[in-house]
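Novice: Heads up: the sequence lines are chains V and D, in that order. According to this note's numbering, the first sequence is numbered sequentially starting from -16. According to this note's numbering, the second sequence is numbered sequentially starting from -16.
Hint data in this document are derived by calculation from the structure and do not stem from the laboratory. Errors might be hidden in some of the hints.
If you want the ones that stay clear, here's a sample from chain D, every Cβ over 10 Å from chain V, calculated [what the hints assert, rightly or not]:
1. P84
2. G86
3. T89
4. E92
5. G103
6. A118
7. Q125
8. Q144
9. D148
10. P152
11. A193
As a list, the in silico SDA-like pairs of lysine to any residue whose alpha-carbon atoms are at most 25 Å apart [as the list claims (entries may be wrong)]:
12. D/K143 - V/A23
13. V/K65 - V/L176
14. V/K143 - D/A(-9)
15. V/K143 - D/V80
16. D/K(-11) - D/E180
17. V/K143 - D/H88
18. V/K6 - D/V80
To give an idea of the chain D side of the interface with chain V (calculated C-beta under 8 Å), a few residues [claimed, not checked]:
19. A(-9)
20. H88
21. I123
22. M145
23. F151
24. P164
Here a beta-carbon is modelled for each residue, glycine too, at the ideal position from N, C-alpha and C.
2 protein chains.
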Amino acid sequence: MSDLAKTARDVRRAVGAAHAERKSIGFVPTLGALHDGHLALFERARQQCGYVVVSIFVNPTQFPPGTDFESYPRDLDGDVKKVEGAGVDLVFSPSVVEIYPPGDHTSVEVTGPLAECLCGPHRPGHFRGVTTVCARLFNIVQPDRAYFGEKDHQQLLIIKQMVRDLRFPLEIVSVPTVREPDGLAMSSRNAYLSSEERRAAVVLPRALFAARDLLNAGERSAAAVLATAREVIDSESLVSLQYLELRDAETLREIHAVEQAAVLALAAHVGPARLIDSILLTPTDY
Amino acid sequence: MSDLAKTARDVRRAVGAAHAERKSIGFVPTLGALHDGHLALFERARQQCGYVVVSIFVNPTQFPPGTDFESYPRDLDGDVKKVEGAGVDLVFSPSVVEIYPPGDHTSVEVTGPLAECLCGPHRPGHFRGVTTVCARLFNIVQPDRAYFGEKDHQQLLIIKQMVRDLRFPLEIVSVPTVREPDGLAMSSRNAYLSSEERRAAVVLPRALFAARDLLNAGERSAAAVLATAREVIDSESLVSLQYLELRDAETLREIHAVEQAAVLALAAHVGPARLIDSILLTPTDY
């Protein structure tokens, strides 16, 4: 049975006791509305760490104005049931004022090439909100390892950059995207989709897989790969692509030919949902 | 004899060993060119902690363009001699690339009322540089307590706000300003002064003390206190006042009457030096 902490003080006490037992601390920050993608993160943390902390916090600062902060799915009771069987030791479910007390004025920001592309220009302030909340959560939990999904590859790189630059004494571990049987990446926002939109959304992973197949067949031109993926998505009128880009997997620089590890990343609107997905394309694949 | 570390890795190793001996860790970040003000910080750390780390790092990001980063006094050999007798266990003297490696892109910033007044508008980017380097140093050293002088009262408040907001697991301890026999606050930048400028600079503490005397005599009007202090400074043609302000000691809000703890803070140019000073005025004083 997982313990539930509402305050940073309670987290520190519980984690301190685990530390005293010489357990390593694994940490998975989430926005809740847990799905199998989260469960894969918990499982990896469980394998590598003696004590696993999961935070459930719909972080207001990472939602740009006019986006879905208010409507984002919240189901703490359901989430607590889901973590029960997952070997999570502690669930941290703070209030907004616990993380951002009155008079709060401190932010952490990663600028530069990682932040300026893909979701960056489309979601102003989003990554600053992510790094700002992660810095706080890292300092509260003080984990040895923190776990992030590969689906949001840009977020993963930005968190890694923050940890490296600010010298947080922890390791970032990434875990592959978990997908529905038809390929759609697990996301709490999939709950926004009507059944028709849900069926339409499958073009997103299909586009990524078509691109991978093309590369596996020997194609190296970024333009050709992108055209193939875009054609799959454009065939579905319910899906409106925001961006589809092929970039270096580490630096996120634009590439014209796939000669080393690359990421094909996209964001699209499907009905009320803005969905993201990505696929890593590594030279050993083809 | 103090140990000398050049890298974060060496600091972590030394501090880890001290932790294993259950020693508490005290940390004093400095820009070097050590003087008796620094020694007071070391002494306080020595009293409260089992292991004392001092960093000596002229942090480029806290020097606004066109200020004295290049000319700032550097004397590592002299500094190491000064810490010898002060009970400092470890001196951390990193290179710039050790703290800001190539591709570094992360900053920490405190915005809001604390940052927008006094030195804030006059030194754009200065406090962001201070918080950015302190976040890194705190994560490298992982101290239980970090020590800052009261002379730069605004910096002290901003660091405290960062620690509170980002939940750094450490306590900020402030230590009273150390002054020369004639009252001038100790500062590495006093070395910039000619003997004539050095004599003239004494109007700065005299102005602060005159203000305090006036309050002790019963005056409560901020305007009267400021006028008295300003008159002292204006009597010295070699001193050019940048600002002189009376503000709430905690919030730095402007005050019109001294009814609770206040800070009288100033910055002035004296020859090539920009000097700051401040005095805390608490109701129990008068």
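Novice: Is the Cα-Cα distance between V/K65 and V/L176 25 Å or less?
Specialist: This hinted pair holds, its Cα atoms lying about 22 Å apart.
Novice: Checking the smallest CB distance to chain V, is D/D148 really beyond 10 Å?
Specialist: violated, 4 Å
Novice: Please settle this one: D/Q125 was flagged as non-interface, so is its CB more than 10 Å from every CB on chain V?
Specialist: violated, 7 Å
Novice: Going by Cβ atoms, does D/E92 stay more than 10 Å from chain V at every point?
Specialist: violated, 6 Å
Novice: Taken at face value, is the distance from the CA of D/V80 to the CA of V/K143 at most 25 Å?
Specialist: The hint holds at about 18 Å.
Novice: Any Cβ of chain V at or closer than 10 Å to D/T89, or is the non-interface label fine?
Specialist: Violated, because the least Cβ-Cβ distance between D/T89 and chain V comes to about 4 Å, which does not exceed 10 Å.
Novice: Given the hinted pair V/K143 and D/A(-9), is their alpha-carbon gap at most 25 Å?
Specialist: The given pair, whose Cα atoms are some 18 Å apart, holds under the 25 Å limit.
Novice: Given a cut of 8 Å on the nearest C-beta pair, is the interface hint for D/I123 held or broken against chain V?
Specialist: holds, 5 Å
Novice: With 8 Å as the cut and Cβ atoms as the points, is D/A(-9) at the interface with chain V?
Specialist: Since chain V brings a Cβ to about 6 Å from D/A(-9), closer than 8 Å, the hint holds.
Novice: Find the nearest Cβ of chain V to the Cβ of D/P152 and say whether that gap is larger than 10 Å.
Specialist: D/P152 is in fact no farther than 10 Å from some Cβ atom of chain V, at 6 Å.
Novice: Decide if the proposed pair is consistent with the structure: V/K6 and D/V80, CA atoms, cutoff 25 Å inclusive.
Specialist: It is violated: about 34 Å lies between the C-alpha atoms, which goes past 25 Å.
Novice: Mind verifying the non-interface call on D/Q144? Its CB should be farther than 10 Å from each CB in chain V.
Specialist: violated, 6 Å
Against the hints set out earlier in the document, violations occur for numbers 1, 2, 3, 4, 6, 7, 8, 9, 10, 12, 16, 18, 24.
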